[in-house]
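K.L.:
Protein chains in written order, with my numbering: chain Z, 10 to 175; chain R, 4 to 384.
Don't read these hints as lab results, they were simulated from the structure. A virtual CB, placed ideally from N, CA and C, is assigned to each residue, including glycine. Among these hints, one or two may not hold up.
As the list claims (entries may be wrong) - Taking CB as the label site, the calculated pair distances span:
1) Z:46 x R:356: 18 to 26 Å
2) R:208 x Z:57: 24 to 32 Å
3) R:99 x Z:20: 39 to 47 Å
4) R:352 x Z:67: 51 to 59 Å
5) R:111 x Z:17: 19 to 27 Å
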Amino acid sequence: MPDSGLLFWMLVIFIIVLAVLAKWGFPVITSMVDKRRNYIDESLKLAKKADEKMAGLMKEQARIIGEAREEQNKILKEAAEARNNIIRQAQEQAKDEAAKILAEAKVRIEAEKESAISQIRSQVALLSVNVAEKVIRKNLSSEQAQKELIEKMVDESLKIDSASGN
Amino acid sequence: MKRIGKYIISLIAVPAMSVSVMAAEPAVTGQDTPADTPEVTEQAEAAANSSEDSSIDIKSLIFGHIGDAYEWHITKIGQKDIVIPLPVIVRSSTGWHCFLSSKLEEGPYKGLYCAEGGKYDGKIVEKDASGNEIRPLDISITKNVAGLMINAVIVVLLILGCARWYRKHDVLKEAPKGVAAIIEPVVTFINDDVIKGSIPAEVSGKYAPYLLTVFFFILVNNLMGIIPVFPGGANTTGNIAITLVLALCTFLAVNVFADRHYWKDIFWPEVPWWLKVPLPLIPITELFGIFTKPFALMIRLFANIMAGHAVILSFVSIIFITVKMGPAINGTMTFVSVFFGIFMDFLELLVAFIQAYVFTMLSAVFIGLAHEGSTKTENNK
Numbered sequence: 010m011p012d013s014g015l016l017f018w019m020l021v022i023f024i025i026v027l028a029v030l031a032k033w034g035f036p037v038i039t040s041m042v043d044k045r046r047n048y049i050d051e052s053l054k055l056a057k058k059a060d061e062k063m064a065g066l067m068k069e070q071a072r073i074i075g076e077a078r079e080e081q082n083k084i085l086k087e088a089a090e091a092r093n094n095i096i097r098q099a100q101e102q103a104k105d106e107a108a109k110i111l112a113e114a115k116v117r118i119e120a121e122k123e124s125a126i127s128q129i130r131s132q133v134a135l136l137s138v139n140v141a142e143k144v145i146r147k148n149l150s151s152e153q154a155q156k157e158l159i160e161k162m163v164d165e166s167l168k169i170d171s172a173s174g175n
Numbered sequence: 004m005k006r007i008g009k010y011i012i013s014l015i016a017v018p019a020m021s022v023s024v025m026a027a028e029p030a031v032t033g034q035d036t037p038a039d040t041p042e043v044t045e046q047a048e049a050a051a052n053s054s055e056d057s058s059i060d061i062k063s064l065i066f067g068h069i070g071d072a073y074e075w076h077i078t079k080i081g082q083k084d085i086v087i088p089l090p091v092i093v094r095s096s097t098g099w100h101c102f103l104s105s106k107l108e109e110g111p112y113k114g115l116y117c118a119e120g121g122k123y124d125g126k127i128v129e130k131d132a133s134g135n136e137i138r139p140l141d142i143s144i145t146k147n148v149a150g151l152m153i154n155a156v157i158v159v160l161l162i163l164g165c166a167r168w169y170r171k172h173d174v175l176k177e178a179p180k181g182v183a184a185i186i187e188p189v190v191t192f193i194n195d196d197v198i199k200g201s202i203p204a205e206v207s208g209k210y211a212p213y214l215l216t217v218f219f220f221i222l223v224n225n226l227m228g229i230i231p232v233f234p235g236g237a238n239t240t241g242n243i244a245i246t247l248v249l250a251l252c253t254f255l256a257v258n259v260f261a262d263r264h265y266w267k268d269i270f271w272p273e274v275p276w277w278l279k280v281p282l283p284l285i286p287i288t289e290l291f292g293i294f295t296k297p298f299a300l301m302i303r304l305f306a307n308i309m310a311g312h313a314v315i316l317s318f319v320s321i322i323f324i325t326v327k328m329g330p331a332i333n334g335t336m337t338f339v340s341v342f343f344g345i346f347m348d349f350l351e352l353l354v355a356f357i358q359a360y361v362f363t364m365l366s367a368v369f370i371g372l373a374h375e376g377s378t379k380t381e382n383n384k
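From just these sequences and the hints, can you work out the full model?
P.N.:
Next up, the structure:
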């Protein structure tokens with residue numbers, strides 16, 4: 010048979026223990042454990058989200074890199090084109106310049122030639138006159154007759170000249 | 004959950020039965036020898052010193068150890084008993100008396116004395132007018148009460164120590180240390196697996212403190228019962244008064260807050276009508292069930308712990324029984340008994356935990372059954 014004294018004390022002790030632990034013991038522990046569990050759950054969710062974000066960022070990064078590469082190619086292509094253009098333009102300019110210089114040189118040569126020819130003509134005329142004077146001094150009495158003859162002869166010779174020059 | 008419960012019960016029933024069978028044997032074999040109940044080593048000396056005329060009454064030895072007493076006997080050195088006297092509180096025909104148990108050793112104190120033999124063997128009695136021994140109202144702090152108090156203090160300190168850690172530390176930044184690291188996993192295990200597994204979520208929070216208290220109370224009492232020297236050694240959970248109170252608490256927790264569905268299942272269960280109309284067979288059985296469930300809880304815990312203690316004590320007693328059989332047998336049997344004693348102590352550690360677990364789990368299952376209706380109706384919604 011259960012002893013009544015022991016029964017009484019057991020009841021008292023157990024009720025006190027139960028009251029103390031139910032008020033200050035277990036609710037604190039379980040609530041804290043629950044709190045931590047919730048925190049861990051939240052953290053895991055956040056980590057998952059961060060991972061997803063990370064994956065998104067990686068994709069974005071890859072996209073940006075791809076774009077940059079395309080841009081680079083484009084720029085390089087454009088640069089090459091521009092270079093080619095510049096070279097071509099420079100060549101054209103040089104050609105034009107050269108042509109202009111050539112043309113100027115031709116004109117000047119022509120003018121020089123012209124002046125040289127007229128100089129030569131007057132020189133030749135003087136020389137011819139001097140030669141003719143010496144040759145025909147005696148034949149030609151008047152100055153007038155002499156000049157007419159000379160002009161006639163020079164013209165003739167020039168005609169021959171130009172005909173042969175052409 | 005229920006299936007696991009049944010499995011565990013069957014698991015525990017087997018060693019418990021074998022244990023009680025073994026316990027019975029030494030009690031029978033060693034009846035012929037009188038003596039007191041000292042501790043193991045001193046007893047060896049005592050048995051060696053005092054020759055043939057001193058022999059041992061194993062039955063009284065074992066029941067002296069697992070029973071209750073008015074003083075806390077620690078050991079015996081030579082012929083001197085070392086005891087801690089405990090307060091005796093009785094209300095006899097002459098009013099309330101409160102004195103230390105050591106006063107009873109010198110003979111009757113204020114008409115009160117310890118009965119020897121008879122109906123109230125070992126209890127404090129007084130003589131009424133006609134010379135019959137009668138029992139006064141006795142609320143003494145006996146060995147078991149003192150043990151209970153010590154164990155209760157240990158439980159409270161453990162749990163409050165753990166709770167204190169949580170108050171002082173940020174639970175989100177630190178891992179539990181010290182007491183909290185020991186208690187927390189156990190609390191979580193019981194709370195999540197046993198309590199939340201058996202009781203519907205809406206009411207499990209209400210019962211969790213009770214069930215956790217029961218678990219730790221039984222566990223600490225079981226473990227302290229295994230320790231053979233002073234702060235432990237009181238056979239608390241192996242005493243039926245203690246398990247009776249625990250079972251009564253579970254009985255109240257189950258039935259006081261039970262829902263309508265639970266009572267309907269008892270008085271008007273869904274069985275063929277002829278099982279309940281002329282003769283209410285099933286309702287009577289169910290009504291019995293209300294009482295047999297906590298009764299089984301009470302007996303299971305009591306029997307397991309008491310049997311475990313009895314077996315360990317029996318193994319120890321073998322040493323002293325075989326002293327007369329000569330040194331060869333005595334030596335062998337000493338070896339055997341120490342070996343089996345160690346084995347039983349390990350087994351008792353396991354049983355201490357399992358019994359606390361089973362009591363808590365079955366209480367949770369019974370409470371869960373009393374709240375089944377709330378979940379059913381909610382599921383229907």
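K.L.:
Run every hint past the structure and note whether it holds.
P.N.:
Here's how the hints hold up against the structure:
{"no.": "1", "hint": "Z:46 x R:356: 18 to 26 Å", "verdict": "holds (25 Å)"}
{"no.": "2", "hint": "R:208 x Z:57: 24 to 32 Å", "verdict": "holds (29 Å)"}
{"no.": "3", "hint": "R:99 x Z:20: 39 to 47 Å", "verdict": "violated (20 Å)"}
{"no.": "4", "hint": "R:352 x Z:67: 51 to 59 Å", "verdict": "holds (55 Å)"}
{"no.": "5", "hint": "R:111 x Z:17: 19 to 27 Å", "verdict": "holds (24 Å)"}
Of the numbered hints given earlier, the model fails hint 3 alone.
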